[in-house]
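Chemist: Chain by chain, the residues:
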Amino acid sequence: MSAICAQHLAYRYRPWPWSAPRVALRDVSFTMERGTLQLLAGANGAGKSTLLRLLAGVTLPSAGEVTLLDHAPGAKELRGRVAWMPEASDATWRLQVRELLELAAALYGFAGAARRARVEEALTAALLDPLAKRSYATLSKGERRRVGIAQALATGAELLLLDEPLDGVDPESAELLLAALAARARAGASILLSSHVLLDGQAGGDQLCILDGGILVASGPPAELMRGPTGERLGFAQLLRRARGNG
Amino acid sequence: MRGARFDSLRRVAAVAHATRRDLFSGRGVALAILLAAAWWFALADPRAATANEAAVLLLERRMTLLAVVASAAALLAGAHAAGEDRRVGSFESWRITPLRASEALLGRWLGVTSGLALGVAPLFAWIVLLAPGCLRSHRDELAPRPRFLPLQIERTLADGSRQRWQRGPALLDPGERLVIDFAATTEPVEIVVPWATALRSGGAAPADFTLQIGERLWRPAAGESLATWKIALPAGPPMRAEWHSTATSAIVRVELDEVVLRGAPRAWWPTLVRLIAGGVAEIGFAAALGIGLATWVGELLACAGGALLLLLANLRALFEAVASAAADPHAPLDEGARWWAHRFEQLFFALPDLVALRAVERTVAAAPPWQTSDRTTFALAGAVAAAVLWLARARLAHRSRGAP
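For the protein sequence lines, the chains are A and B, in the order given. Start counting the first sequence at 1; every next residue gets the next number (my numbering). Start counting the second sequence at 1001; every next residue gets the next number (my numbering).
Keep in mind that the hints were calculated from the coordinates and are not lab data. As the structure is a computational prediction, the values presented were derived from the model and not from experiment. Each residue gets a CB set at the ideal place from its N, CA and C atoms; glycine is no exception. Be careful, since some hints might not be right.
To be verified - Footprint (simulated), chain A over chain B, 3 or more residues, beta carbon under 8 angstroms: (1) 1076-1089; (2) 1287-1294; (3) 1395-1404.
Stated by the list, open to error - Okay, the calculated beta carbon distance ranges per label pair: (4) Arg233/A / Ala1032/B: 26 to 36 angstroms; (5) Ala1383/B / Ala117/A: 35 to 45 angstroms; (6) Asp129/A / Leu1130/B: 43 to 53 angstroms; (7) Arg233/A / Trp1390/B: 54 to 64 angstroms; (8) Gly231/A / Arg1021/B: 47 to 57 angstroms; (9) Val1273/B / Ala137/A: 34 to 44 angstroms; (10) His1398/B / Ala117/A: 46 to 56 angstroms; (11) Ala1383/B / Asp70/A: 41 to 51 angstroms; (12) Gly142/A / Trp1390/B: 35 to 45 angstroms.
Stated by the list, open to error - Some chain A residues judged to face chain B by a derived CB distance under 7 angstroms, without partners named: (13) Trp18; (14) Phe30; (15) Ala43; (16) Thr59; (17) Ser62; (18) Val66; (19) Gly80; (20) Arg81; (21) Pro86; (22) Trp93; (23) Arg94; (24) Leu95.
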């Protein structure tokens, strides 16, 4: 049973109506099993956010097919089963962190004690207990990304699509967050997480996909992909160069 | 089905609650500037000849100012809420949740409207009931009475010739008559008749006339030369008031524009409720404009566009001038021009009516702007707000497709 199945996915766009199309994704095919944590890595502009937008059903592909939990993105059957954390985090909300999480849980149908329990659980998992009463507008970039992760966790969705959730998060917190997400995956959730900087030597997860210039250049278990020719662990930049075939 | 509806309501309530808690986030400075300007304007003394006139002007200014500030604040808050959602991708990320586009917009709209209304309603009540020059000291406008204007006024000159009276005060020379006809009334009323006597050469003169209504006859008291009679009358069939000047030298001036039959005063609280409901409706209208426009364009453009629409709508005097020019039978217009002028009036009067909601029924002929409101206006405002939100919903439901 796959959580995501993408076949020959392509996305082209015109920056202006009169300009030539640019390719953001080209012939991307991959499968993600249910109950796994999959990492999506790549440099800036590799097409990670575009891929996640296609999976979320926000934009429609130029070609190819994709199914999420056996349904097309945007299908009615998926409402409430998928959560997407977009990339932007510069909102000026004055709402407290707890209130934002309560809103996320409420939108997914949780009420009363169940909602409170979800929120508490998500706050703890995203290391946000001390910040629960802080206004979102006063948080740092890394703290805001943690709020985004907590919002996704509070929904209780089966499939989480997280776009750059670790951007700006300090290494220690990032390690703990990855562990929390892995635990959620072991509990049955499927999580696809994109990042342009993965922690050296600590890239957890069950699968790692590497995008470069809109093409899926490598995929496999992280431990295998990140092992160098002499058995040493590769850094993220080295991994990218090797995947491109020039490292 | 009932469960699904309940879930939908719960989602709308959640978004509305979050919106209300987050009103003006990051736009507090704009609101502070708006309030400071309004406060400065509200404190300035109005130029008026009498204390009563000053009180009325002050009341009118405060009511208008509060309505303008509330509309501008609603526009700003609505545009900010939707603009922020658009900018940071909330609308997009909500698309994957059980929250529908219509629920998201309804929640935002309810949040902005209720958040502002909770702050503005007490201010409306304070201005109407407690502030200096409030409506409490102008009972007739706070608790409007039913008014029955004359159906026809006819003046009979001393030589027996008759003329239909249109408007303005009537100056009755000795021996002249004035007949004022009213329609039947369904409740006891009082007739209000302001009059004064004067000599042609100037100065006060003893009054000498009679006023007859049915079988009853009234005469001014000795030495009386200026008064406003208020005579109680029972409900009944069509009524005729007949004025007969019996003086030899003095003329009688009757303020015909103010001659009216008045019913008993009504309760004051429906006026207050309508006043506040009108204010809330206006806030809701501006909030819908702000939210609707900000889903299509940026926050700044949405504010500018909405403000322009509200400003246009407030230029009622301009629309009225055009309409009255078109309605004038002596205006040099052919039939085609008249038809277009009529359509113009129909089209553009709708807009001013939308922002003239905050008020009670028109109780006097020259009613101030805060005294106009009716069900049609409310319905029209609701329809426009719903249409704007519906268009915004269509925008949110749209998914872009990659180029082939």
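Chemist: A separate judgement is required for each hint: does it hold in the structure or not?
Modeler: For each hint, the structure was consulted:
1. 1076-1089: It holds, with 4 qualifying residues against the three required.
2. 1287-1294: violated (count 0)
3. 1395-1404: holds (count 6)
4. Arg233/A / Ala1032/B: 26 to 36 angstroms: Since Arg233/A and Ala1032/B have Cβ atoms about 55 angstroms apart, the given range 26 to 36 angstroms is violated.
5. Ala1383/B / Ala117/A: 35 to 45 angstroms: 44 angstroms, holds
6. Asp129/A / Leu1130/B: 43 to 53 angstroms: 47 angstroms, holds
7. Arg233/A / Trp1390/B: 54 to 64 angstroms: At roughly 56 angstroms between Cβ atoms, Trp1390/B and Arg233/A fall inside 54 to 64 angstroms, so the hint holds.
8. Gly231/A / Arg1021/B: 47 to 57 angstroms: Taking Cβ atoms as reference, Gly231/A and Arg1021/B lie about 55 angstroms apart, which means the hint holds.
9. Val1273/B / Ala137/A: 34 to 44 angstroms: 38 angstroms, holds
10. His1398/B / Ala117/A: 46 to 56 angstroms: Once the Cβ atoms are compared, 37 angstroms apart, the range 46 to 56 angstroms for Ala117/A and His1398/B is violated.
11. Ala1383/B / Asp70/A: 41 to 51 angstroms: 43 angstroms, holds
12. Gly142/A / Trp1390/B: 35 to 45 angstroms: 40 angstroms, holds
13. Trp18: Violated, about 12 angstroms.
14. Phe30: Status violated, d = 18 angstroms.
15. Ala43: Not OK, violated: Ala43/A not within 7 angstroms of chain B, min 21 angstroms.
16. Thr59: With a minimum Cβ separation of about 5 angstroms from chain B (threshold 7 angstroms), the hint on Thr59/A holds.
17. Ser62: This hint holds: Ser62/A lies near chain B, its Cβ roughly 3 angstroms from the closest one there, short of 7 angstroms.
18. Val66: At 12 angstroms from the nearest chain B Cβ, Val66/A fails the 7 angstroms test, so the hint is violated.
19. Gly80: Holds: closest Cβ of chain B sits about 4 angstroms from Gly80/A, inside 7 angstroms.
20. Arg81: With a minimum Cβ separation of about 9 angstroms from chain B (threshold 7 angstroms), the hint on Arg81/A is violated.
21. Pro86: This hint holds: Pro86/A lies near chain B, its Cβ roughly 4 angstroms from the closest one there, short of 7 angstroms.
22. Trp93: Interface hint status for Trp93/A: holds (6 angstroms vs cutoff 7 angstroms).
23. Arg94: 4 angstroms, holds
24. Leu95: Given a least distance of 5 angstroms, the restraint on Leu95/A holds.
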